[in-house]
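A.B. asks: Here are the chains, one letter per residue:
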Amino acid sequence: MKDENEAIDEAVDPSRRAFMGVAAGVTAAVVAPGVLLHAVAAAPRSEPVTADVRWGLLIDTAKCVDGCSACVAACDRENGLDMQSKPESQSPLKWDSQKAVWIRKVKLQDNQTGRVTTLPMMCQHCEHPPCVDVCPTGASFKRADGIVMVDRHLCIGCRYCMMACPYKARNFIHEAVHGQLTAVPRGKGCVESCNLCVHRRDFGEESTACVDACAAEGHHAIVFGDLKDPASPISQLLKDMPSRQIREDLSLNTGVRYSGV
Amino acid sequence: MKRIVYREWRIPPARYWSILGILAAVAGTAVLAFGYMEHTGHWVTGMNNSVVWGTPHVFAVFLIIAASGALNIASIGTVFHKPIYKPLGRLSGLLAVALLMGGLLVLVMDLGRPERLIVAMTNYNFSSIFAWNIFLYTGFMVIVIAYLWTMADRQGGPFNRPVGILAFLWRLALTTGTGAIFGFLVARQAYDAAILAPMFVIMSFAYGLAIFMLVLLFAFNDEGRPIGPKVLRRLKNLLGVFVAGVLYFTLVYHLTNLYGAKNDGLEHWLMLSGGIYTFLFWVGWVLIGGLLPLGILYHPELSKERNWIVAACSLVILGGLATLYVIIIGSQAYPIQMFPGQTILESGFFDGVNGQPGPYSPTIPEVLLGLGGVAIALIITVVGVRVLQFLPESLADDVVPVDEETLSEEAFAKPA
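Those protein sequence lines, which keep their order, are chains A and B.
Going by my numbering, the first residue of the first sequence is number 18, and it counts up by one from there.
Going by my numbering, the first residue of the second sequence is number 5, and it counts up by one from there.
These are calculated hints, taken from the structure and not from any lab test.
Each residue gets a CB set at the ideal place from its N, CA and C atoms; glycine is no exception.
Mixed in with the good hints there might be a few duds.
If you anchor each label on the Cβ, the simulated ranges turn out as follows [to be verified]:
1. B/Glu-119 - A/Val-66: 50 to 60 Å
2. B/Ser-318 - A/Glu-105: 38 to 48 Å
3. B/Ile-26 - A/Glu-144: 53 to 63 Å
4. A/Gln-197 - B/Pro-344: 30 to 40 Å
5. B/Ile-169 - A/Glu-105: 39 to 49 Å
From the structure, some residues in chain B lie toward chain A, with a derived Cβ separation under 10 Å [unchecked claim]:
6. Tyr-40
7. Asn-52
8. Arg-120
9. Ile-138
10. Thr-142
11. Gly-143
12. Ile-185
13. Val-256
14. His-258
15. Leu-259
16. Asn-261
17. Met-342
18. Val-357
Let's have the full structure, built from the sequences with the hints guiding it.
C.D. replies: Here you go:
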């Protein structure tokens, strides 16, 4: 009995083996191009973000022009914020306090000297971001390259990061979103802020929307670059000109530096 | 002293169901308000990008800290060996769980993405005090339910004191954690103060006890159960101490701020020119929540009258809500000082142009949501005392346990 069973086990049906071979081949032929194509398309973004770079901005307030808001308009366009629409029954004033603003112009006057400064404010991309410390789910996070942003899949909309941000950089999406850009997904009930045009980083582009817009206006008040690369224009400028962090006393080591305030 | 007998709350069914019906109606409108806010988005609330936490958070934080405060009565009996408080322990535990449940529900229902609560329970960032609080809150409920079991079940008796001590320590951690939600925030001047944590603890003592006393007096009065002057006097004196404690912490907090020049702007705004916040600070926080109840509770005549004690408790609760309104909303409304020594002339994002505070006015859905939390807490309490033996049959002087106080009853009988 036993021998007979073994004999049966060993006798392999050749037609069955052939079928398996064909099936495997067909499957491979169908799936492989998809896998390969996917791999090719993803090539620029396939490498993980490294801590070899730290992205940052330098803002020269001497060059920032009063009345110009090209950076704000460019940011709105780049990130689809210009597609925000006021809910019909909402008052314009209240809507102003509820719509998302990733970058804003601020005009200050020194109480002692009367000197007036204008500058753009946005997320300062801290090395030790308070928003990341307080986020209960880890949705607020810092990338290895220094960009602080929100994982919109993890954000539960508790707004604790907005309480913790010393720069008032974060926004809560108060209304249903109609129309958004593929590169910048947005959704009601989540928190968002400037992410240094992170989609551009992922495609290897060199600057941000606000920097480009400022340069296009001929002001060149904002410089983008790698703070860790001593040869980068931003590092060279920081070496030469006096600059500071906003709210330096908090020792957050911001990635956005200001000169002339 | 006689044996303490606990009995279900036996008010007539018609009255019981009316109370439940009213509470359910309040909770129901809160559910509608929640649905409305979540469906349309938070733009229908008064909250905005400057004042990000609003009226729901005032109610939620009030209920959460009152929850830990309500447990005090049980702790005093178990941990600090004051037998006179022991008959009150069960109600104290029930209220603690109920208030916490109400507060947490409000907090959760105000989230931008409440359906992602599961995310909050599966992804933790342990550098966030919020994440710690999730454990502190759920742990509190489990421990207090176990505590109630040790009080009510003969088998649980031996564990009563250990569990009671654990519950006491846990409630201190919980309120410290709740205060630290604000105390750890370096961004805003009015927060960023370690004193907020102990201040929240003492606030919880006062608010929790005030709610406990109101519920106790209402429940006993409605069914005609007796409360003797001895218990009442102990409770009202305790409330007085706690209210004075809140005032003391308030004083120290503001004196500290006033001493350093960097906070002059904040203090000047809050004390003098902050509009509704200045009004709520002086009239709500200090007068209604502090001085008036203190005046009643230590008045030689008024403090003996039950209605005045009820009034004092109500004032403490109203003042408490005003206090949290100032702490939570006022502290956000005061503009973040990003550029000390400079005046903001223009801003595209409400950065406090010419010192203007952030805009906020509460809306009806927010208030309804907050009241819903109160209703849920009361529903749990009402159903609890109705179906289970939480309330002692009598707190008359000859029934409550002998206390060390009775040794010199004469001395204590004199007006303070």
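A.B. asks: Now tell me, hint by hint, if it's right for this structure.
C.D. replies: We went through each hint and held it up to the structure:
At roughly 30 Å, the beta carbons of B/Glu-119 and A/Val-66 sit outside the given window of 50 to 60 Å. Between B/Ser-318 and A/Glu-105, the C-beta spacing of about 41 Å keeps the proposed range 38 to 48 Å intact. For B/Ile-26 paired with A/Glu-144, a C-beta distance near 54 Å keeps the hint of 53 to 63 Å intact. Separation of A/Gln-197 from B/Pro-344 is about 38 Å and conforms to the stated range, judged on CB atoms against 30 to 40 Å.
With their beta carbons about 58 Å apart, B/Ile-169 and A/Glu-105 fall outside the hinted range of 39 to 49 Å. A distance limit of 10 Å between C-beta atoms decides the matter here; for B/Tyr-40 the minimum to chain A is near 13 Å, and the interface restraint is violated. Interface restraint check for B/Asn-52: the shortest CB-CB distance to chain A comes to about 4 Å, inside 10 Å, so the restraint holds. Taking 10 Å as the C-beta contact cut-off toward chain A, the hint placing B/Arg-120 at the interface holds, the least distance being around 5 Å.
For B/Ile-138, the suggested interface contact is upheld, since its CB lies about 7 Å from the closest CB of chain A, less than 10 Å. Nearest Cβ of chain A to the Cβ of B/Thr-142: about 13 Å, over the 10 Å cut. The hint is violated. A cut of 10 Å between beta carbons decides the hint on B/Gly-143: the least distance to chain A is about 16 Å, and the hint is violated. The restraint placing B/Ile-185 at the interface with chain A holds, with a minimum CB-CB distance near 8 Å, inside the 10 Å limit.
Interface restraint check: B/Val-256 against chain A, minimum CB-CB distance 23 Å, threshold 10 Å, status violated. Checking B/His-258 against chain A by beta carbon gives a least distance of about 21 Å; that is not within 10 Å, so the hint is violated. Taking 10 Å as the C-beta cut-off, the interface hint given for B/Leu-259 is violated, the closest approach to chain A being about 22 Å. Hint status for B/Asn-261 relative to chain A: violated, with the closest Cβ pair at about 16 Å, above 10 Å.
The interface hint given for B/Met-342 holds, since its Cβ lies 6 Å from the closest Cβ of chain A, which is under the 10 Å cut-off. Interface hint at B/Val-357: satisfied, since its Cβ lies 9 Å from the closest Cβ of chain A, which is below the 10 Å cut-off.
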